[in-house]
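Under mature numbering (1 follows the signal peptide of the UniProt record, and there is no 0), the residues of the sequence shown are numbered -23 to -1, 1 to 318, in order.
Treat the hints as calculated values from the structure; they're not laboratory data. There may be inaccurate statements among the hints.
To be verified - List of simulated lysine to aspartate or glutamate pairs, DMTMM-like, C-alpha gap at most 20 Å: (1) 102 <-> 46; (2) 51 <-> 73; (3) 213 <-> 237; (4) 287 <-> 198; (5) 287 <-> 1.
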Amino acid sequence: MKKVISHLATVIGLLVISSSVLAEQQLYVEPQVQQKPILNLIQQSKKNIDVVIYEFSDPTLIKALGEAEKRGVKVRVLMTSRIHGNYAPIWKNIHEFQDEGIEVKRTNPDFTYTHQKTFIFDNKKALISTGNMDFDRYPNSRNFLVLTDEPQEVKQIVDVYHADWQHQRPHLTQQQLTASQLVWSPINATSALVKLINSAQHSMDIYALEMSDPAIVSALEQALKRGVDVSIIYSKAPFAWSQQDLIKLYRQGANLRVLEDSAPFIHAKAILVDGKQAYIGSENFTTNSLQRNRELGIITQQPTVLNTLKSTLAHDMATPAYRVSELVSSPHLALPHQTQH
(Lines of atoms letter the chains of each structure in order from A and count residues from 1; the text may use other names and numbers.)
(Lines give C-alpha, C1' and ligand atoms only; values in the text may rest on other atoms or scores of the structure.)
Protein backbone atom coordinates (compact mmCIF):
# COMPACT_ATOMS: atom_id res chain seq x y z
CA MET A 1 0.00 0.00 0.00
CA LYS A 2 2.85 2.35 0.89
CA LYS A 3 4.40 1.69 -2.53
CA VAL A 4 1.11 2.56 -4.25
CA ILE A 5 0.78 5.81 -2.29
CA SER A 6 4.41 6.67 -3.04
CA HIS A 7 3.85 5.96 -6.73
CA LEU A 8 0.72 8.13 -6.78
CA ALA A 9 2.59 10.96 -5.06
CA THR A 10 5.32 10.73 -7.68
CA VAL A 11 2.77 10.80 -10.52
CA ILE A 12 0.95 13.77 -8.99
CA GLY A 13 4.26 15.57 -8.53
CA LEU A 14 5.17 14.98 -12.16
CA LEU A 15 1.76 16.24 -13.26
CA VAL A 16 2.22 19.42 -11.21
CA ILE A 17 5.67 19.95 -12.71
CA SER A 18 4.31 19.25 -16.19
CA SER A 19 1.45 21.70 -15.64
CA SER A 20 3.79 24.45 -14.47
CA VAL A 21 5.98 23.93 -17.53
CA LEU A 22 2.95 23.94 -19.79
CA ALA A 23 1.75 27.28 -18.42
CA GLU A 24 5.10 29.00 -18.92
CA GLN A 25 5.27 32.43 -20.52
CA GLN A 26 8.15 34.03 -22.37
CA LEU A 27 8.88 37.65 -23.23
CA TYR A 28 10.68 38.63 -26.43
CA VAL A 29 12.13 42.12 -26.75
CA GLU A 30 12.31 44.11 -29.96
CA PRO A 31 14.28 45.31 -31.80
CA GLN A 32 16.82 42.81 -30.50
CA VAL A 33 15.11 39.59 -31.64
CA GLN A 34 13.46 40.88 -34.85
CA GLN A 35 11.54 38.07 -36.64
CA LYS A 36 13.50 35.14 -35.19
CA PRO A 37 11.09 33.84 -32.48
CA ILE A 38 8.09 34.25 -34.79
CA LEU A 39 9.87 32.38 -37.60
CA ASN A 40 10.74 29.56 -35.18
CA LEU A 41 7.13 29.25 -34.04
CA ILE A 42 5.86 29.27 -37.63
CA GLN A 43 8.34 26.56 -38.62
CA GLN A 44 7.41 24.42 -35.60
CA SER A 45 3.65 24.56 -36.29
CA LYS A 46 2.06 21.37 -37.58
CA LYS A 47 -1.69 21.98 -38.00
CA ASN A 48 -2.78 25.59 -38.09
CA ILE A 49 -1.68 29.20 -37.65
CA ASP A 50 -4.20 31.99 -37.12
CA VAL A 51 -3.10 35.62 -37.28
CA VAL A 52 -4.96 38.83 -36.45
CA ILE A 53 -3.08 42.01 -37.24
CA TYR A 54 -3.27 45.73 -37.88
CA GLU A 55 -0.29 45.99 -40.25
CA PHE A 56 1.65 43.09 -41.78
CA SER A 57 4.22 44.00 -44.41
CA ASP A 58 7.33 41.99 -43.49
CA PRO A 59 8.23 39.86 -46.55
CA THR A 60 10.24 37.32 -44.54
CA LEU A 61 7.25 36.48 -42.34
CA ILE A 62 4.80 36.45 -45.26
CA LYS A 63 7.06 33.98 -47.08
CA ALA A 64 7.40 31.81 -43.96
CA LEU A 65 3.61 31.66 -43.57
CA GLY A 66 3.33 30.76 -47.25
CA GLU A 67 5.82 27.93 -46.80
CA ALA A 68 3.81 26.68 -43.81
CA GLU A 69 0.65 26.67 -45.94
CA LYS A 70 2.45 24.71 -48.66
CA ARG A 71 3.54 22.00 -46.20
CA GLY A 72 -0.05 21.48 -45.06
CA VAL A 73 -0.43 23.93 -42.17
CA LYS A 74 -3.71 25.83 -42.46
CA VAL A 75 -2.93 29.56 -42.26
CA ARG A 76 -5.56 32.27 -41.86
CA VAL A 77 -4.98 36.01 -41.56
CA LEU A 78 -7.45 38.57 -40.22
CA MET A 79 -6.45 42.10 -41.27
CA THR A 80 -8.00 45.31 -40.02
CA SER A 81 -10.91 46.74 -42.01
CA ARG A 82 -9.63 50.26 -41.44
CA ILE A 83 -6.21 51.82 -41.07
CA HIS A 84 -4.92 55.20 -40.02
CA GLY A 85 -3.77 56.82 -43.26
CA ASN A 86 -3.12 55.21 -46.63
CA TYR A 87 -5.06 52.01 -47.43
CA ALA A 88 -2.85 51.02 -50.37
CA PRO A 89 -0.32 49.00 -48.30
CA ILE A 90 -3.11 46.86 -46.83
CA TRP A 91 -4.36 45.83 -50.27
CA LYS A 92 -0.79 45.11 -51.35
CA ASN A 93 -0.22 42.88 -48.31
CA ILE A 94 -3.54 41.08 -48.81
CA HIS A 95 -2.53 40.23 -52.39
CA GLU A 96 0.88 39.03 -51.14
CA PHE A 97 -0.80 36.63 -48.72
CA GLN A 98 -3.21 35.43 -51.40
CA ASP A 99 -0.31 34.83 -53.77
CA GLU A 100 1.09 32.48 -51.11
CA GLY A 101 -2.21 30.56 -51.00
CA ILE A 102 -3.18 31.99 -47.62
CA GLU A 103 -6.80 32.74 -46.73
CA VAL A 104 -7.19 36.40 -45.79
CA LYS A 105 -10.23 38.18 -44.41
CA ARG A 106 -10.92 41.77 -43.39
CA THR A 107 -11.98 42.20 -39.78
CA ASN A 108 -15.35 43.14 -38.36
CA PRO A 109 -16.12 46.77 -39.34
CA ASP A 110 -18.02 47.22 -36.06
CA PHE A 111 -14.64 48.02 -34.48
CA THR A 112 -13.10 51.39 -35.29
CA TYR A 113 -9.82 49.56 -35.89
CA THR A 114 -8.76 45.99 -35.30
CA HIS A 115 -5.48 46.89 -33.65
CA GLN A 116 -4.84 43.47 -32.08
CA LYS A 117 -1.52 41.82 -32.98
CA THR A 118 -1.68 38.09 -32.22
CA PHE A 119 -0.54 34.72 -33.58
CA ILE A 120 -2.13 31.39 -32.58
CA PHE A 121 -0.04 28.26 -33.22
CA ASP A 122 -1.77 24.84 -33.40
CA ASN A 123 -4.38 26.18 -30.94
CA LYS A 124 -1.80 25.49 -28.22
CA LYS A 125 0.29 28.66 -28.06
CA ALA A 126 -0.52 32.33 -28.52
CA LEU A 127 1.87 35.20 -29.18
CA ILE A 128 0.57 38.58 -28.00
CA SER A 129 2.48 41.51 -29.48
CA THR A 130 2.63 45.24 -28.85
CA GLY A 131 3.95 45.76 -32.37
CA ASN A 132 2.87 45.14 -35.93
CA MET A 133 4.65 42.78 -38.29
CA ASP A 134 6.48 45.56 -40.12
CA PHE A 135 10.13 44.91 -39.32
CA ASP A 136 10.96 45.80 -42.92
CA ARG A 137 9.68 49.37 -42.37
CA TYR A 138 10.44 49.95 -38.69
CA PRO A 139 13.50 47.88 -37.74
CA ASN A 140 14.39 49.92 -34.64
CA SER A 141 11.18 49.94 -32.57
CA ARG A 142 10.91 48.93 -28.92
CA ASN A 143 8.16 46.31 -28.74
CA PHE A 144 7.34 43.29 -26.61
CA LEU A 145 5.89 39.89 -27.51
CA VAL A 146 4.46 37.56 -24.85
CA LEU A 147 4.23 33.86 -25.67
CA THR A 148 1.72 31.93 -23.55
CA ASP A 149 0.61 28.31 -23.60
CA GLU A 150 -1.70 28.55 -20.59
CA PRO A 151 -4.69 26.48 -21.79
CA GLN A 152 -7.51 28.77 -20.64
CA GLU A 153 -5.84 31.85 -22.10
CA VAL A 154 -5.13 30.17 -25.43
CA LYS A 155 -8.67 28.76 -25.64
CA GLN A 156 -10.17 32.19 -25.08
CA ILE A 157 -7.94 33.77 -27.72
CA VAL A 158 -8.96 31.01 -30.14
CA ASP A 159 -12.66 31.51 -29.32
CA VAL A 160 -12.49 35.25 -29.93
CA TYR A 161 -10.58 34.68 -33.17
CA HIS A 162 -13.30 32.34 -34.46
CA ALA A 163 -16.01 34.83 -33.47
CA ASP A 164 -14.20 37.71 -35.16
CA TRP A 165 -13.50 35.61 -38.26
CA GLN A 166 -17.25 35.10 -38.60
CA HIS A 167 -17.99 38.79 -37.81
CA GLN A 168 -20.14 37.47 -34.98
CA ARG A 169 -22.91 39.68 -33.63
CA PRO A 170 -23.64 40.33 -30.86
CA HIS A 171 -20.00 40.47 -29.79
CA LEU A 172 -18.63 38.32 -27.00
CA THR A 173 -19.17 39.74 -23.51
CA GLN A 174 -17.15 39.79 -20.31
CA GLN A 175 -19.34 37.00 -18.92
CA GLN A 176 -18.30 34.75 -21.81
CA LEU A 177 -14.58 35.48 -21.39
CA THR A 178 -13.30 33.83 -18.23
CA ALA A 179 -9.51 34.06 -18.63
CA SER A 180 -9.03 36.89 -16.15
CA GLN A 181 -5.46 37.69 -17.19
CA LEU A 182 -6.45 38.75 -20.71
CA VAL A 183 -7.21 42.39 -21.48
CA TRP A 184 -9.71 42.75 -24.33
CA SER A 185 -10.85 45.88 -26.08
CA PRO A 186 -13.60 46.94 -26.21
CA ILE A 187 -14.73 44.51 -23.46
CA ASN A 188 -12.73 44.90 -20.24
CA ALA A 189 -9.65 46.94 -21.17
CA THR A 190 -10.46 50.16 -19.30
CA SER A 191 -11.59 48.42 -16.11
CA ALA A 192 -8.67 45.96 -16.15
CA LEU A 193 -6.02 48.64 -16.61
CA VAL A 194 -7.56 51.02 -14.06
CA LYS A 195 -7.69 48.14 -11.56
CA LEU A 196 -4.03 47.37 -12.26
CA ILE A 197 -3.01 51.02 -11.79
CA ASN A 198 -5.08 51.29 -8.61
CA SER A 199 -3.25 48.28 -7.16
CA ALA A 200 0.12 50.07 -7.24
CA GLN A 201 1.58 50.76 -3.81
CA HIS A 202 5.17 51.77 -4.49
CA SER A 203 6.15 52.04 -8.15
CA MET A 204 4.79 52.04 -11.68
CA ASP A 205 6.84 52.00 -14.89
CA ILE A 206 5.01 52.65 -18.16
CA TYR A 207 5.87 52.33 -21.84
CA ALA A 208 3.44 54.40 -23.91
CA LEU A 209 2.83 55.51 -27.47
CA GLU A 210 -0.30 57.51 -26.63
CA MET A 211 -1.92 58.49 -23.33
CA SER A 212 -5.11 60.54 -23.20
CA ASP A 213 -7.91 58.36 -21.84
CA PRO A 214 -9.52 60.24 -18.90
CA ALA A 215 -9.95 57.11 -16.76
CA ILE A 216 -6.30 56.08 -17.19
CA VAL A 217 -4.96 59.59 -16.61
CA SER A 218 -7.17 60.02 -13.53
CA ALA A 219 -6.01 56.68 -12.09
CA LEU A 220 -2.38 57.75 -12.59
CA GLU A 221 -3.09 61.07 -10.87
CA GLN A 222 -4.55 59.22 -7.90
CA ALA A 223 -1.50 56.95 -7.80
CA LEU A 224 0.79 59.99 -7.67
CA LYS A 225 -1.29 61.49 -4.84
CA ARG A 226 -0.88 58.37 -2.73
CA GLY A 227 2.89 58.46 -3.20
CA VAL A 228 3.46 55.94 -5.98
CA ASP A 229 6.66 56.57 -7.96
CA VAL A 230 5.39 56.78 -11.57
CA SER A 231 7.77 56.73 -14.56
CA ILE A 232 6.63 57.04 -18.18
CA ILE A 233 8.88 56.26 -21.15
CA TYR A 234 8.04 57.92 -24.48
CA SER A 235 9.53 58.84 -27.83
CA LYS A 236 9.59 62.42 -29.08
CA ALA A 237 7.44 62.13 -32.21
CA PRO A 238 4.22 60.93 -30.52
CA PHE A 239 4.78 63.13 -27.46
CA ALA A 240 2.72 65.91 -29.06
CA TRP A 241 -0.32 63.65 -29.39
CA SER A 242 -0.64 63.36 -25.60
CA GLN A 243 1.37 66.39 -24.49
CA GLN A 244 -1.38 68.01 -22.41
CA ASP A 245 -2.03 64.93 -20.27
CA LEU A 246 1.64 63.96 -20.02
CA ILE A 247 2.64 67.42 -18.84
CA LYS A 248 -0.20 67.37 -16.31
CA LEU A 249 1.17 64.11 -14.89
CA TYR A 250 4.73 65.47 -15.01
CA ARG A 251 3.73 68.51 -12.99
CA GLN A 252 2.12 66.25 -10.41
CA GLY A 253 5.36 64.33 -9.94
CA ALA A 254 5.60 61.71 -12.68
CA ASN A 255 9.08 60.99 -14.02
CA LEU A 256 8.71 61.57 -17.76
CA ARG A 257 11.47 60.15 -19.95
CA VAL A 258 11.23 61.25 -23.60
CA LEU A 259 14.05 59.34 -25.27
CA GLU A 260 16.34 60.88 -27.83
CA ASP A 261 15.93 59.96 -31.49
CA SER A 262 18.97 57.66 -31.42
CA ALA A 263 17.13 55.28 -29.07
CA PRO A 264 14.65 52.66 -30.28
CA PHE A 265 11.27 54.19 -31.08
CA ILE A 266 8.90 53.45 -28.18
CA HIS A 267 5.98 51.59 -29.72
CA ALA A 268 5.50 49.27 -26.72
CA LYS A 269 2.48 49.49 -24.44
CA ALA A 270 3.28 48.14 -20.99
CA ILE A 271 2.70 48.88 -17.30
CA LEU A 272 4.89 47.33 -14.60
CA VAL A 273 3.37 47.63 -11.11
CA ASP A 274 5.50 47.28 -7.97
CA GLY A 275 7.81 44.98 -9.93
CA LYS A 276 5.28 42.18 -9.31
CA GLN A 277 2.85 42.24 -12.23
CA ALA A 278 2.69 43.79 -15.66
CA TYR A 279 0.33 44.57 -18.49
CA ILE A 280 1.72 44.06 -22.01
CA GLY A 281 -0.44 44.40 -25.10
CA SER A 282 -1.67 46.19 -28.18
CA GLU A 283 -3.86 48.73 -26.35
CA ASN A 284 -2.76 52.35 -26.41
CA PHE A 285 -3.93 54.36 -23.43
CA THR A 286 -6.61 56.22 -25.38
CA THR A 287 -10.39 56.01 -25.25
CA ASN A 288 -10.64 54.85 -28.85
CA SER A 289 -8.14 52.05 -28.29
CA LEU A 290 -9.68 50.87 -25.03
CA GLN A 291 -13.37 51.19 -25.84
CA ARG A 292 -13.86 51.07 -29.62
CA ASN A 293 -11.10 48.92 -31.12
CA ARG A 294 -10.49 45.19 -31.06
CA GLU A 295 -7.30 44.86 -29.03
CA LEU A 296 -5.60 42.27 -26.85
CA GLY A 297 -3.18 42.45 -23.96
CA ILE A 298 -2.22 40.28 -21.02
CA ILE A 299 -1.54 40.86 -17.32
CA THR A 300 1.23 38.60 -16.10
CA GLN A 301 2.98 37.74 -12.85
CA GLN A 302 5.46 35.33 -14.45
CA PRO A 303 8.94 35.93 -12.93
CA THR A 304 10.77 35.25 -16.20
CA VAL A 305 8.65 37.81 -18.05
CA LEU A 306 8.95 40.39 -15.27
CA ASN A 307 12.73 39.99 -15.01
CA THR A 308 13.19 40.56 -18.75
CA LEU A 309 10.86 43.57 -18.63
CA LYS A 310 12.73 45.03 -15.64
CA SER A 311 16.13 44.70 -17.29
CA THR A 312 14.80 46.35 -20.47
CA LEU A 313 13.29 49.17 -18.42
CA ALA A 314 16.58 49.72 -16.60
CA HIS A 315 18.38 49.97 -19.93
CA ASP A 316 15.86 52.38 -21.42
CA MET A 317 15.70 54.55 -18.31
CA ALA A 318 19.47 55.00 -18.62
CA THR A 319 19.18 56.02 -22.28
CA PRO A 320 19.74 59.73 -23.07
CA ALA A 321 16.49 61.69 -22.96
CA TYR A 322 15.25 65.17 -23.81
CA ARG A 323 14.69 67.72 -21.10
CA VAL A 324 10.96 67.92 -20.57
CA SER A 325 11.25 71.70 -20.23
CA GLU A 326 12.58 71.85 -23.80
CA LEU A 327 9.61 69.90 -25.11
CA VAL A 328 7.09 71.96 -23.17
CA SER A 329 8.49 75.16 -24.64
CA SER A 330 7.83 73.75 -28.13
CA PRO A 331 4.07 73.12 -28.10
CA HIS A 332 3.86 72.44 -31.84
CA LEU A 333 6.30 69.58 -32.23
CA ALA A 334 6.68 68.40 -35.81
CA LEU A 335 5.20 64.95 -36.34
CA PRO A 336 6.61 62.49 -38.87
CA HIS A 337 4.63 61.99 -42.06
CA GLN A 338 4.39 58.26 -41.41
CA THR A 339 3.56 57.15 -37.90
CA GLN A 340 3.23 53.77 -36.25
CA HIS A 341 0.22 52.48 -34.38
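A quick look at each hint next to the structure:
1. 102 <-> 46: holds (18 Å)
2. 51 <-> 73: Holds, at roughly 16 Å.
3. 213 <-> 237: Holds, at about 7 Å.
4. 287 <-> 198: Since the Cα atoms of residue 287 and residue 198 sit roughly 23 Å apart, the hinted pair is violated (cutoff 20 Å).
5. 287 <-> 1: holds (18 Å)
Checked against the numbered hints listed earlier, the structure breaks hint 4 alone; every other hint is satisfied.
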